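Could you put together the complete structure from these sequences and hints?
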Amino acid sequence: MTRGGRDLSVGAGYENDGNGAVVSLPSDGTRIGTAGARSVTPGAVGVPTTGRPQFGAVFTGWRRPRPAPARGPRPPPPGFP
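Those letters in the sequence shown? Residues 1 to 81, by UniProt numbering.
Keep in mind the hints are simulated off the structure, nothing from the lab.
From a predicted model like this one, the values you see are computed outputs, not experimental measurements.
One or more of the hints may lead you astray.
[Unchecked claim] FRET-style restraints, in silico, Cβ to Cβ:
| # | residue 1 | residue 2 | range |
| --- | --- | --- | --- |
| 1 | V10 | P76 | 40 to 46 Å |
| 2 | P48 | S24 | 20 to 26 Å |
| 3 | P78 | G51 | 40 to 46 Å |
| 4 | V10 | G51 | 41 to 47 Å |
| 5 | V10 | P77 | 35 to 41 Å |
| 6 | R74 | T30 | 48 to 54 Å |
| 7 | G29 | R52 | 33 to 39 Å |
| 8 | R38 | D17 | 18 to 24 Å |
| 9 | D7 | P53 | 20 to 26 Å |
| 10 | G72 | R52 | 49 to 55 Å |
| 11 | R6 | R74 | 40 to 46 Å |
| 12 | T34 | G79 | 50 to 56 Å |
| 13 | R52 | S9 | 17 to 23 Å |
| 14 | G79 | V40 | 47 to 53 Å |
Where a beta carbon is used, it is the ideal one built from N, C-alpha and C, also for glycine.
And the structure:
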């Protein structure tokens, strides 16, 4: 969005009831700020909003949690006699 600056894009996968959004915060070359920030929603780029697409979730690095492992005796650490 700016020349010479490093902008920040943030995903909000659960924004708007799970439809999601991507927000871009521009840099002035020194600081990232909210002046001139832009939000992109799924509808703005042609993504259907049926079924909660969670647009932008990939930016968050979020993954569904794995089920907790079964509790039981732990094996000894490597190299332990």
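Consistency of the hints with the structure:
For the pair V10 and P76, the supplied restraint of 40 to 46 Å holds, since their beta-carbon distance comes to about 43 Å. Checked against the hint of 20 to 26 Å, the pair P48 and S24 passes, with Cβ atoms roughly 22 Å apart. Against the hinted window of 40 to 46 Å, the Cβ-Cβ separation of P78 and G51 comes to about 44 Å, which satisfies the hint. A hinted range of 41 to 47 Å for the beta carbons of V10 and G51 is inconsistent with their spacing of about 23 Å.
The hinted range of 35 to 41 Å is satisfied by V10 and P77, whose Cβ atoms lie roughly 39 Å apart. Distance hint check: the CB atoms of R74 and T30 are about 50 Å apart, consistent with the given range 48 to 54 Å. Checked against the hint of 33 to 39 Å, the C-beta distance between G29 and R52 comes to roughly 37 Å, which is consistent with it. Distance hint check for R38 and D17: the Cβ-Cβ separation is about 21 Å, which falls inside the suggested range of 18 to 24 Å.
The hint said 20 to 26 Å for the Cβ distance between D7 and P53, and at roughly 24 Å that hint holds. Distance hint check: the CB atoms of G72 and R52 are about 36 Å apart, inconsistent with the given range 49 to 55 Å. Between R6 and R74 the C-beta distance comes to about 44 Å, which sits within the given range of 40 to 46 Å. Separation of T34 from G79 is about 52 Å and conforms to the stated range, judged on CB atoms against 50 to 56 Å.
Checked against the hint of 17 to 23 Å, the pair R52 and S9 passes, with Cβ atoms roughly 21 Å apart. For G79 and V40, the hinted distance range of 47 to 53 Å is satisfied, since their beta carbons lie about 51 Å from each other.
Going down the numbered hints, you'll see the structure goes against 4 and 10, while the others check out.
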